[in-house]
Amino acid sequence: MCWRCTGFDRRALLVGGGVAAASLTTGAALARIRPADMQPLVGPGFRPTDTDEIGLWQQMQRVEEEVSGSNLLIKDPALIRYLQDIIGTVGGPATKDMRIYLAHIPDFNAVMFPSGFAVVFSGLLLRMRNEAQLAGVIAHESGHFLRRHMIRSWRDTKRKGDIFAIGSMALGVAGGAADVYMGDIQQLAELGTILSLFRYSREMEAEADAMGARLLAQNGYPAIEMANTWEQLIGEEDASARHRRKRRDRGGSLFATHPAPGARMADLKVSAAEVTVPGRTYDSRRASYLQAIAPIRTMLLDDQVKLNDPGASQYLIETLARDGWNGFLRYYEAEVWRLRNRQGDDVRAAQGYAVAVQYPDAPPDAWRWHGLSLIKAGRQAEGRAALSRYLALQPNAPDAPFIRQMIS
Amino acid sequence: MRLRCIALALVLAVPATGCVQTRQYADLQFTPPQGDYRLLVMRPDVTVNSVTTGGMNQPRADWTEQARTNLIAALAAQQAERGGKVKILAHRNELPGVSEEEVADLERLLAAVGNSIALHKYLGAYLPSKNRRGLDYTLGEDAVALGRKSGYDYALFMYAEDSIVSGGRVALQVLGMAGCIVGFCAPNIGGGGQFAYASLVDLKTGDVVWFNVVQAGSQIAGIKMGDLRTPQGSAQLVERLLGRMKPGYAIRHPNVRR
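Taken in order, these protein sequences are the chains called A and B. Reading the first sequence from the start, the letters are residues 469 to 876 in this note's numbering. Reading the second sequence from the start, the letters are residues 195 to 452 in this note's numbering.
Just so you know, these hints were derived from the structure itself, not from any lab. Glycine residues also receive a C-beta, built at the ideal position from the N, C-alpha and C atoms. You may find that some hints are simply not true.
Claimed, not checked - Some chain B residues judged to face chain A by a derived CB distance under 10 Å, without partners named:
| hint | residue |
| --- | --- |
| 1 | 249 |
| 2 | 299 |
| 3 | 316 |
| 4 | 370 |
| 5 | 374 |
| 6 | 380 |
Claimed, not checked - If we take Cβ atoms under 10 Å as the criterion, some of the chain B residues that face chain A in the derived model are:
| hint | residue |
| --- | --- |
| 7 | 246 |
| 8 | 253 |
| 9 | 256 |
| 10 | 257 |
| 11 | 279 |
| 12 | 283 |
| 13 | 372 |
| 14 | 383 |
Chain B on its own, in the form it takes in the complex (with noise of 0.2 Å):
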């Protein structure tokens, strides 16, 4: 009985150690930006938690802090790669001739077209009007006028967070392993890990062309996959969202009638 239960511990433990999950969608023409683009990076959106021992998230705004300045010295350093020219937005006012309201009122509409893609592509409630159509969804007219007015090509939006487990909680997690020995078995009460999402809008037409979501960290309190506050930690997590955009279906797939 005691054997069985710690077989099932690691079964469930094992797979969970090193998680780290990526989905993407793009619209069906879509080619990743090259060469001479010019991109906008909006604010992004981080916040980094302690896990308490009961399993809250509790911000900390020191390493939130720290969190966003090394995940924007990331970006701005991984797109330079790729030859773009990009600004990165610290604030909603920082954009000549756009007004504080307009990028506020375009984060707000991504914020719910956002939710939508969530939920349609990734929740599981399905459209089967969008059915192999790729990632179709538009931000309209006000993204256009965005790009008109400011002279860029792309838009990010980004939003990342991650939740590092208190010692408290990893004591918690010791103990639950321990317990496998006398039966009593809770190897993965979990609680830490990241959550990241961007998604690029094409200025031009204002649609969402692409779309990722990042998920990294294990069930077991304690063991992590990426640390958002240290420089090396903040590089890999844009690697792993943005490093491998893919073009959309009907450009990898160009003989293909759908």
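Next comes chain A alone, as it looks inside the complex (with noise of 0.2 Å):
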């Protein structure tokens, strides 16, 4: 073979070749995983006996050490007991196995490494509306531990660059004994390489997604939860980007390590429907979930506020108020507009503070910001009487002499 001489532009040839070639074997859409079809590959007890996930294993136990002892963990016992309820709920076989740790750090995310232990972003609690979404990504964590994910990734990368090792170097060998020059295939085969690798990433996405939502309605959870976290994912990010005048990043890229949120939504869907069945009850025990993040509830929509994104904490509010308006709500959406600070938006922000109050579960900061607000339109007298209502809720807040001193 020689691609000099038939007189084809080799760089033309490649970059076509690459994208046929990668279109034919790693595309991006990926056909949807049959929650049936995924079993659990460990038992409870599981311990790894092969060489390779022995060392995996000891290399996690020193990132378990360091992220336990991290002072970024949220350590409130009676969330943490809460979350490790559930992650013994939906683990499958493995649920007295898997720890499960929470992080301060206000994103939506969550990781599951591969000796079993798990780590919640913050963020993930103010997102869900429910114990069954909460439940649904810790059901999809559990799954790549269920569907030992890292090790057959592992072993996967390993594979194909074992191949590829030996695959450049005799065809770089043969080349140069035939005297052809074959650096275009080896730079093909390293893109079909890499690109296999993310596909591969991706499938392990979509069997942790169907995974999960077997188990999730395996223990009483409406699986179609876990589409409208997805859902609500989406039209955070669409209202994030809105915000910036940019478009919200689709995913389905080639080089994308999950597979598109749209798609993912789209098969969670089928799913659920697959894994429900029919007369039985679902619940997604939102009292519950309420409750259990009652005491950090603040603070969670306190690191989204200060994270500067309107769109995204203007979505979230709106809908978490989806199941009803309450003033903590109204107060955190006037401050969106009072950190934006752009023209009219502390008019914005002192009628929400306004509506805020309305509310007999306001925080006393709504107060003190109505206050502030007031005094600042020129409305004293009504200004000073929010004042005294947050001094009155609050004596000892760090800025109450002051306070004091504005409105004696």
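With the hints in hand, could you dock these two chains into one complex?
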């Protein structure tokens, strides 16, 4: 074979060939994986027996030691017990073996490590509307452990790396012997190898989604909530992008490690229908969820509005308010505008605080900002009254002496 | 054309076949601990990998355990020779009166300071403000507190990593060298080797008084410059890393004003 003698432009051939090879073998679209096919690959009390997996677990021991001692963790014992109970419910055969940690990171994410410990980001707890949604994410992460994804993808990478190394060396030597330049094929093979690694990663994610839906339904949660989680995330990213006059990254690239959110949502809807048994009752357990996160909900909202991502914050607050507005949500809605601080935002925020204080559960800070906004607008008497209310609710606030001086 | 290729391969290969580099920095006033000193060795961070045919590092639990045991034995023997009293921690909770969290915090702090030292002393991002000032870094109060509570004079932090090239990769290397005969030369695909660093902290002042990095390896897969899995290999690394501790500049050149 000789590329040069046929007269093709090598670069065009490389690009065209790469795209063709990529879309044939490593295309972004992925067939849906059926929950029924997802049998757990580990049993209770699983311990690795293969050399490579033992090595991986030994490294993870040190990682877990670091994670469990990190000062980023939220250590509220009741909340951690609640999370541990959920992983103990949707963890399949490994329910007793998995550990869960809650990290104070205001972002939508959760991670499962190869040796069976998961880290949930606090931003996830803000976004979930009920226990079923949270259990869905945790079930997805459990799915990674139950299907042994880390060691499987490590072996996949190793195998493909070996094949690629041997292949390119053999190709080079053969090309050298025949005096033909093989660099282009070698590059094409490299691209193909890399793309196939990404495809494998997306396949694992799709497996975890299917496994998660199955675990969720088995334990009496409505599996459709997993699809709803994605709908909320897509909505949030759209809103955030719109606010910045950008477009949401739709995913679906050949280089993506996860399938596109839209595709995941669509697949999860079908999977949810598959795993739902007619006649059985499913409970999303919203009340117990709200009760569990109550002690940190203020902190979660506070973290979010301080990210200065008004589009996402506004969307999140409105999503949470679908289950009913309250003083907290109204207060933080106003905070979004105050912190954005563009022309007219102060007026918008002032209106928000005024609405927030109408609710009996308005936080003390709502009264504080309501009072300050009124004074700024020249309504001194009303402002003072609101600030007195703030002091009555929070007599030991850090700024109490200043406020007292203001209204005296 | 083909001859040139082989010559080029040799030029590339020869200096790379036997490469052991160390580079140490010390506080200007540093004198290596001698005689009756008490040294606390923080849990050594050791990893031994197997390098796959494709060049990935695969951690090996059994080799890592072997290397850790050997390194600790070699360290104890080497320090005993210098006359110091040594305690080597295997876990974070082995110091009476010092909590696990305090040890963990100090390890993390050292990791952060160590990154700065690596960046500004070894990787080329030299700081003009630190010019000609030797090793000018400190762990501060936390290290002093550890010294006060534990009664030790120095703390030694150590990291060691060894990568052992697998049979498959050696075969690939042989093929790459054989290819030179037909004009396709891949004489040094690399992959194996050792990397280690150690830092010594004076627990009276909290300062990092001495820092050393060892790199030992060759670009030819299969040629080893040491093996942490054997007692001899571990002793060799400890000797390379800690054997020739040089005093600080001001001690070596007492009459030079800087």
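Hints, one by one, checked against the model:
1. 249: Holds. Min distance 6 Å.
2. 299: holds, 9 Å
3. 316: violated, 24 Å
4. 370: holds, 6 Å
5. 374: holds, 9 Å
6. 380: holds, 6 Å
7. 246: Hint on residue 246 of chain B: holds, closest Cβ of chain A at ~5 Å, below 10 Å.
8. 253: Status holds, d = 4 Å.
9. 256: holds, 8 Å
10. 257: Holds. Min distance 9 Å.
11. 279: This hint is violated: residue 279 of chain B lies away from chain A, its Cβ roughly 28 Å from the closest one there, beyond 10 Å.
12. 283: Hint on residue 283 of chain B: violated, closest Cβ of chain A at ~14 Å, above 10 Å.
13. 372: Since chain A brings a Cβ to about 7 Å from residue 372 of chain B, closer than 10 Å, the hint holds.
14. 383: holds, 8 Å
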